[in-house]
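Student: Below are the chains, spelled out letter by letter.
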Amino acid sequence: MKFKLIRQLVLMSQFAIVGFLAQCLTFTFLMAGEVGAQQKQSIEHIYLSLEVEGASIEDVFSKIEGQTAFSFAYKKGILHKKTLLDASFKEESLANMLRFISQNTGLSFKRVDETIQVNKGESFEPLVEELVSVLADVDISGKITDENGEGLPGASVIEKGTTNGITTDLNGQYKINLPENATLVISFVGYKTAEIPIAGRSTIDLQMELDAEQLEEVVVIGYGTQKKVNLTGAVATMDSDKIESRPVTNVSSALQGQMPGVTVVQSSGEPGRDGASIRIRGVGTMNNSNPMVLVDGIESSMDDINPGDIASISVLKDAASAAIYGTRAANGVILITTKRGEAGAPKVSYNGYVGVQRPTFKPEFLGAYEYALLRNEGLVNEGGTPQFSDADLEKIRTGSDPVNFPDTDWLDLLYQGSGAIHSHDLNVSGGTEKSKYLLSLGYFNQKGLNKNTNFDRYNLRFNLDTKISDAFSIGLNTAMSYRDISRPNGDYFVYPHRTPPTISNKFPDGSYNHYLNNNPIALIEEGGRHQTNATHLISQLFGIVTLAEGLTLKGVVATDLNFDDQSKHTKSFLWGDGTLSGNTSLENSIRRTRNITLQAWLNYDKSFGEHQINLLAGTSQEAYTEDYDQLRRINLPNNELTEINAGSNEGVATEGFGVESRLRSFFGRANYSFKDKYLFETNLRMDGSSKLASNNRWGVFPSVSAGWRMSEEAFMQDLSWLSNLKVRASWGKLGNHRIGDYEFIPKIAIGNNYSFFGAVADGVAQVEATNEDLTWETNTSYDIGVDFELFEGRFQFSADYYNRLTEDILTPVPVSGIFGLPAPLVNAGSMRNKGIEFVLGTSAVNGDFRYDLSFNIGFNKNNVVKYDKPDKSGERLKEEGSPWNAYYGYESIGFFQTDEEVLNDPKVAGAPIQKGDLKFKDQNDDGVINGDDRVVIGSSIPGTSYGLNINLGYKNFDLSIFGVGMGDVYGLLNDQVEFPFVNGAKAQTRHLDRWTPETPNARYPITHIDQWHNYEASTFNVRNASYFRIKNLQLGYNLPLPLLESWNISKIRVYLSGENLLTFTGWSDDFDPESPDWAWGNYTPVKSITGGIRVNF
Amino acid sequence: MKTKIYILIAAITVLGWSCSDDFLDVNPKDQLSDATFWQTQEDADLALAGAYGTAKLSAFPNFYRWNERSNAWESGWNINFMDLMTDNGYSQYIWDGVKTAGNGQVNPSDRNMHNFFKYNRIVKYNTFLENIDRVDMEESKKARYKAEVRFLRAYDYFKKVMWYGDVPLVTNSIEDPRDANLGRDPKQEVVDFILKELGEIAGDLPVQNAVQSGGHATRGAALALKARLELYEGMWSDAMADAKSVMDMDVYELYEVGETAYYDMFLPENESLNKENIMAIEHIQNEFPSVMWQHLLPAQEGGWSSINASQSIVDAYETLDGKTIDDPTSGYDADKPFENRDPRLDMTIIHAGSMWNGRYFNPISQFLDEAETVANPDYFTQGSASRSGYNVYKYSKVVPVADLRNGEGNIIVFRLAEMLLTFAEAAIENNQITGEVYDALDRIRTRAGMPVVDRGVYNSQDKMRELVRRERRVELAFEGLRHYDIKRWDIGAEVIPGPLYGTRPGHVDMTTGEVTFTDGDRVVMEERAFFPQRKYLLPIPQSEIDANPNMVQNEGY
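Protein chains in written order, with this note's numbering: chain H, 1 to 1097; chain L, 1 to 557.
Please note: incorrect hints may appear among the correct ones.
What the hints assert, rightly or not - Listed below are the simulated PhoX-like cross-link pairs for lysine-lysine, each with C-alpha atoms no more than 20 Å apart in a straight line:
#1 H:Lys747 / L:Lys29
#2 H:Lys606 / H:Lys677
#3 H:Lys110 / H:Lys75
#4 H:Lys63 / H:Lys81
#5 H:Lys120 / H:Lys143
#6 L:Lys56 / H:Lys747
Keep in mind that the hints were calculated from the coordinates and are not lab data.
Start from the sequences and build out the full structure, keeping to the hints where you can.
Tutor: Following this line, the structure appears as structure tokens:
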């Protein structure tokens, strides 16, 4: 499988330069491609180096001949023996060299094919001509195939002892003309190089043999790269093709199900706001558990990245691999590496898709008649007056008065948007050996499920690598993204789920009706809009200088700028009954963040016989600022004016704040390996943060890890089926820096205003408690892992066990309300996450059929080890010995069935209980139900998360099925959709299955309008939210090569893809298990069907 | 080679950047530092306003849970909504926080009922009092500032004992959260503290009405609170004395401008004339707005009708000749219930047929036209219409929708009429029914357009008690005091349990305003339960019980 990946990397021009090592690996055949082309290539584009001092012209010619396939032709005697040349060229074009010689000798040059004719010139004006003839027919052709007999594209075929050669095409075919007695040298990364004498043959085919030694997949790690086989920590990786092949709307959701221990939940499908939450190996802290995200080594956000720009993603899961990032790494580190250019003619590729989205789940609400009946029933159950009279009911049932007694399907009205998405990615890369570039343009558009919601994303990236000299190169990464999100104002998504069907949307004259001064459809269509314009600029300049053999110094300067503009324009319009919807207003805000990073590190890489060492030492500092300003005016004269100046001075309001934080760090790493069998690594990071008081701000974070490649041992060599076996172990300490700013500084808050004498009186007050002794949260973890590969990589297996203990967690331990201020943060908590992770993979090719299967699963157990005072105030429990935020509530044991039961059975004091209400278990048998009878119901943190990848191929067709799932996780559906009528909500079909004297075993209790007792968290409404979903299903077809060749296109793939098509869950028929807690208020998760095309020119 | 050297130099510079720790020292730029505060008079002014005020919840006021988040000294919510937990009214939205307290379903986890328990205001007051001496300012002014803040603290403890009974009495700021696990101090101790404080500070506060004081606490406010608490505690003589001293301050007079003075005095445009006002919550648009109009106004004006009056309060108003409606001689006609009644009924409650915003208010017709095509948003079953058919008129005013949640109207906490009633009731209970007592009641009744007290009928302590209680209920309706009255008169079992009634269904002629009722069955808003063992107290928040091992729950929860 890996070979294929690498091949694809090379071929699809989605070339992944995975750091410098990858560059070296691929260098060989890039050169090969070039020398083969020398015969046709202009001398302007043939580069070589030349360093001579006092050399004769003849010497210079022979030096050039030695480096190229050219020979010089001239009459003896035209060269002045006494003319001596001094020249120093570094990677200069041959043409320029000749011009230089021409200028200094008066000779003129004319290149004809592989010969350079030398003549006496007329003047000292440089004269270099070129004449390239069409080559004669080839003599030798053939096909190079891989171990499975499949054509191997990109392999180099070179004449031995020369630089003449060519690379194979997409089918592994090559054609070359060479002398009869020549010997072919055929090589490809990952395979054993073969030498074959031509011996007069005109066809030479070769099936190449795998070379396990050469197979060195490289992964990106902190401040560098590492051979995958030499990894001692737990690093999961994902390649670009996993992202490119799916129409994901953002990068975070692309990570879902790909790596064990990386739990991704996408709880919303709202255009532009559908970023997923990512947890690595459980929830590591009581605070912000988001992992650290770095793009090309600089801390950034993954929201704005064009998925098509990503070359690879590494997730550093254990402390050993993440320790180099110290205080920000406690929740894991995600390293995103973007694509870079490669030398060669410009390669252009295009990837585009169009599709349509629909909600994954859609609750089924009662129609007007059933709604009215059930509502009356609820009112009567509570001793109230029915809302709908018999006459009303009749009108609703017959539909005789659709104006006043309509039957409105609000969800149908809501989902009137097209939900269309389309995406276009254009990518151009190329360059010379000295200077390589990648330019990419991306455009993505998504329409909402409702009208007037639109999301545009524009991405531009330019990555450049330039060699200034042999020892010094610089690079530039710039990326710009612009997101433009437009959506209606207010809770337009909530209210269609609440507004009763007995309320009409519009009157016959087209004006809107309203309910509680609200009509979500009017909000969508007329209410104005909420515009977000987010600009994200990343620029990074780096220089690498080689100070001595193996010793390099890299310096980086990077800025990350975000400008987040929001504008909320509220329009005013008349409801059908003549009342005004509200006043016009405009609220503009801008949030600017700036992060400036400086980094420098020295890297030393050296082998001494069988010892190999790598040392790294560096420093970095970051300065982050964030400013926010908001302004508002009301009463703009009409709905068309949308600028602040148009508003009335009376409603002017402004607000603003700013925060600043800084981090300074020193870090180092030492790697040692002996015979590539025994691997050791240690990291050390020292971080100082402005978020802590000066006596507490520095933290030291070490890690050590070791690996043993047992398969390399002599005693394992007999096991031919075992291609790799490695055991690894690591230990390390990390910190968590993601706390608020200024938490340790006692502050007095401004803006606690009052009014005296009818005017504003500015006031201040202490509203926060402070703790000056705050210090780092630390996370100590160890990891033990094993990697297997069988049958030359055909079966792969990895397993990891980890144990993470987070201590000194900053948490506001519940304090008595008598303290009067919110509880100050204290380093009081600790929690443990432990778990195991497995990855299983197998792949094979059998003639035209190929498959590639992989399965990963992670089991995690979270447990609060220390929490000073249990917090049992809500439905989420925070207490020692339980999972963090576990659902906590009553055990529901059916309904009160008789009046005797209501009278005699234990119940909550004061609760208005009647027959048909939920009955809770009296856990402590004290005769009453109160807070003491609550029990832990289940964890809100998934215990299991898994992913399944099935890739099948037959000839030009490929089919992939990708499923993700979660197990051992609970969710609580908001009571406003779990129960009917709560807080003005409506009712769903399932609510008809309710308790009545005739249906004592119904699913729902007796219908109420409001009855808090039933809504309490209990085993009735906290349910297992496990699910398995087919996240992506994709069918692709590669157009046949002969056709493409006639079009001069190297690849066209068309595909049909479906996201979130099927979900298996016991959680709910109506709401998505991926967003259990927010089911009621959130924009729903979406499913989509897309069709796409990918073209490589 | 040269480039190499440049790079080396650059790299060394980068690597060896200044190691001074200044880089890591950053401070907030939008908040003051405690270390440099409490120095000048301006600091004292800021802290004083901060003691009264609250953090803006946002520059753009959001009504939801407004009360819960506010830490201003008092909130209109606590005034206007509080009668909904009594027989005076009904709260139709559970999230407004008083519904469960009204129907008996309140429980310790009911977050909406936690507001009064909070000590966030106490912290502000204690911090102020502990630090004000660090400020260099005129001593007399400082004395007044201190007295104002002590008044606010006394007021807060007054509310705490009324709602929770025994509460921890904290008079110094608590440095370590672990020291906050305090048990409950006996109510009597807290009451004694409040009365002692009020007695001590009164002298440092100026004699001013609310117009003159601009919203600051005054001697009148201190004594009014003292009289109120003494009345509630049955300290009749003290209550009489303190109420009398407020009545005798020559800065106060009943607001008697115009026919509808009783209604007009609550309107923002009359604030500068209202010398009846002893102390109010001073609202100002945008910065510290009132959200009450949103809750009070009927649906057609964009309001939510959150505050509904009950049939019970409607029935409490006498007829114009000073008789109760159950008196057969009163001339009360059940089919014309709003005619011939105490004018304060029309000035307190918007009912079927009321002239309101240029139309006849109509909560009882489902349609506004005979053909039954135009739905009536004020119909009592409709979205944001009053469930009882009665909206509250006191404090209501037709305003642009834009101002519903951005109101400038002050909410009165103490006014002279309450002192007159306090004096009268304390005197009656003390059995000192002098002319002064009748006079106090007469002043209130005549201002409202009612006849003076019929000395012939109300000639005994019992009859006078009955009168003063009814007068109090009517005069102070929807001003947040009814719950305390039910509690101290211990009439909960009579007035709370059972169905809570609203209007009778019927029809309003939209051109003449004539109201006809169709049948006798009144609208029932809810069924209420009463738990005497709770002693009219709210539950201690469950979060407090969980966090504080020394906290004991009130009985009945």
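Student: For every hint, state whether the structure bears it out.
Tutor: A quick look at each hint next to the structure:
no.	hint	in the structure
1	H:Lys747 / L:Lys29	11 Å, holds
2	H:Lys606 / H:Lys677	16 Å, holds
3	H:Lys110 / H:Lys75	14 Å, holds
4	H:Lys63 / H:Lys81	16 Å, holds
5	H:Lys120 / H:Lys143	46 Å, violated
6	L:Lys56 / H:Lys747	17 Å, holds
This entry does not satisfy hint 5, going by the numbered hints stated previously; all others are met.
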